[in-house]
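Below are the chains, spelled out letter by letter.
2 protein chains.
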Amino acid sequence: MKVGVIGGGQLARMMIPEAIALGIDLKVFAESEGMSAEKSTTVVGDYTNAEQLGWFADGVDVITFDHEHVPITTLQQVEKSGTSVQPPSEALQFAQNKLLMRTRLSEAGLPMPEWEEIKTPDQLGRFISSHGGRVIVKTPIGGYDGKGVRVISDANEVEDWFANIDKLGGSLLAEQLVEFVSEIAVLSARRPSGEWRAWPAVETVQLNGVCSQVIAPAPNVNQRQALEIAERIAAELQVTGVMAVEMFQTRDGELLINELAMRPHNSGHFTIDGSITSQFEQHLRAVLDLPLGLTDLTSEVSVMVNLLGTEKGTDFLENFADTMYRFPEAKIHTYGKSPRAGRKMGHITMVGDDLETVRSRALLAAAVISGS
Amino acid sequence: MKVGVIGGGQLARMMIPEAIALGIDLKVFAESEGMSAEKSTTVVGDYTNAEQLGWFADGVDVITFDHEHVPITTLQQVEKSGTSVQPPSEALQFAQNKLLMRTRLSEAGLPMPEWEEIKTPDQLGRFISSHGGRVIVKTPIGGYDGKGVRVISDANEVEDWFANIDKLGGSLLAEQLVEFVSEIAVLSARRPSGEWRAWPAVETVQLNGVCSQVIAPAPNVNQRQALEIAERIAAELQVTGVMAVEMFQTRDGELLINELAMRPHNSGHFTIDGSITSQFEQHLRAVLDLPLGLTDLTSEVSVMVNLLGTEKGTDFLENFADTMYRFPEAKIHTYGKSPRAGRKMGHITMVGDDLETVRSRALLAAAVISGS
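Going down the list, the sequences are from chains A and B. Throughout the first sequence, residue numbering follows the working numbering, covering 1 to 372 in sequence. Throughout the second sequence, residue numbering follows the working numbering, covering 1 to 372 in sequence.
For the record, the hints were derived by calculation from the structure and aren't laboratory data. Mixed in with the good hints there might be a few duds.
As the list claims (entries may be wrong) - A short, non-exhaustive set of chain B residues, derived as facing chain A with CB atoms under 10 angstroms:
#1 Thr41
#2 Val43
#3 Thr277
#4 Glu281
#5 Ser299
#6 Thr323
#7 Arg326
#8 Gly346
What the hints assert, rightly or not - Here are the simulated lysine to any residue pairs, SDA-like style, with alpha carbons at most 20 angstroms apart:
#9 A:Lys337 <-> B:Thr41
#10 A:Lys27 <-> B:Gly336
#11 A:Lys2 <-> B:Leu317
#12 B:Lys27 <-> A:Lys2
#13 A:Lys337 <-> B:Gly23
#14 A:Lys2 <-> B:Val43
#15 A:Lys27 <-> B:Gly34
#16 B:Lys2 <-> A:Lys27
By construction, the Cβ of each residue, glycine as well, lies at the ideal position given by its N, Cα and C atoms.
Generate the whole structure from the sequences, applying the supplied hints.
Right, here's the structure in full:
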């Protein structure tokens, strides 16, 4: 069994242990030398180049992804050559293009914030006026971790995007600013033959647009409702592999779909230490169309805290001994990246019975390892 | 942090995922090409050659082991050059040489079967007569998985060993055949600065001298007594890294030390899926003198079943889909070896609340994946 992963970041890196356990040969197509996943068999290339991807695809059973940036037209060329791509371009386009996603999920009647495709500043001005004077504007393609997303109260604030609107696909996406009480994510996996399994919905805590903490399971959410939304999306869009559905929960318990990712996701890192089957193992099983593993949690509660690069460029390894001494229960995961402020360098997961204990210790451990 | 592992088998292989998570650079010194641990940075060489080991040791922070076959004199040369070897030769000699181990542990007053150093067939004959007519004879060095161990009732049955006794170190080891009700193993880890942690004692089930099943925790054993024996051995022998102490439990609950291994051990594979800290992570932490992780079990019970190569050379991958479909809770681990009858090809672990359910399903899953 050979799986080719496009992208050499931490998601590809965390597939390596699972591939080793299952005897899967993992090949990584990385953007550059020395990336997180370099412990696997790695080739370096340009993922927008269909010819290079064709060479990479030769001899693997399936191509899958560490990121969502491969152009759909490039993927279609790879698919035409007969290689299995999971998720297929037909599904992946909805994760790449937020406008397509909103359109498609609206047709399916799924719950979302109010939104509108925006072509001109005037149109955006009207959307702002009719939505409380403050809205979210997104570039349909290319945003992640808060990039390509702005909260604005005047169309001028995305003037640079309008100036380059052709490069951005000709439109922007405006969305109602949802007053939420919590952010929820549902991780699930679906395989080509249709089997679908989800982990319990989790609560995510964002800081400056970047995921900072994940609490599993989410303490206050209608689990059945959250999972039903994810299952409908997976089936409607014929998604394969792991998918993350990020949602807002409003004061009255309504769930509104925010973003989709069709790959393992930061909100599912806790599954490595907190579930029978990790999202990385499940993704490999799903894209190979192997039966999915149990998604039961192994503890009452798991808390994951991201380790972000600090301003002073802390080398987390220096604080390993201290952290391990004070937190023998901490599961430390590093991504092998050189430190840069705000960069996702690793994460810590803790499991246990009592949310407040686990959460406060996980946060403290993250502070100690970050030298703060 | 760079760790060099001598030996490229499944134990080195299972250190790779933990090394990736902790950002440890793992270098493997393998016996040949294409071994289980080849997914790591691997050099191939002769582990009895001190010069080659010296090159390998250059640039790593510590040397440790996947097996116990490196000659002590070779290791002493490596140590003299200033490289940290964990466990050090001073400790490792007791895992390599069963006669030294029996002598040393007898001096320490630890509980063992009756034993005697044997130089001649006559002496062996007398030991047999005075121990019920049936005893165990071992070659002091080089035995594993039932090799170098015979149950005999006549000195003639080891005539070939007497003929080569000089090559075997000049002596054999005779031991009382213990009537045991169960076999127990205690896995623990100790780091150079003295910290020691153990997992709960497990029960091991052997088939033809090879470990077949492990049940964690052992259902009927005095845990405190078992762990105290392991702790005393670790401290007396100044062991570092993971150590397995295999013991017999007699009808009246007495524990008698059978074998020692100073490395991760088959009886501890369940820790990957059944404990907060796996034996492979703990071994890396211990040999680097980093604080040890919690050894709490994450489930009431774990059962590990070895997957042995079949007579017909079954490729377990062929039965993956069936096994995963019927046993979505099974954790499958493969070692990347070509099939050979009786060879340890992988293992399956299951965790749960009820021993009999978990055990019967784990055994059934192992049968399905083995195509039997």
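So, going through the hints one by one against the coordinates:
1. Thr41: 8 angstroms, holds
2. Val43: 16 angstroms, violated
3. Thr277: 8 angstroms, holds
4. Glu281: 9 angstroms, holds
5. Ser299: 7 angstroms, holds
6. Thr323: At 8 angstroms from the nearest chain A Cβ, Thr323 (chain B) passes the 10 angstroms test, so the hint holds.
7. Arg326: Because about 8 angstroms separates Arg326 (chain B) from the closest Cβ in chain A, which is inside the 10 angstroms limit, the hint holds.
8. Gly346: Given a least distance of 8 angstroms, the restraint on Gly346 (chain B) holds.
9. A:Lys337 <-> B:Thr41: 18 angstroms, holds
10. A:Lys27 <-> B:Gly336: Measuring from Cα to Cα gives roughly 16 angstroms; hence the hint holds.
11. A:Lys2 <-> B:Leu317: 12 angstroms, holds
12. B:Lys27 <-> A:Lys2: 24 angstroms, violated
13. A:Lys337 <-> B:Gly23: 9 angstroms, holds
14. A:Lys2 <-> B:Val43: 24 angstroms, violated
15. A:Lys27 <-> B:Gly34: Status holds; Cα separation ~17 angstroms.
16. B:Lys2 <-> A:Lys27: Since the Cα atoms of Lys2 (chain B) and Lys27 (chain A) sit roughly 24 angstroms apart, the hinted pair is violated (cutoff 20 angstroms).
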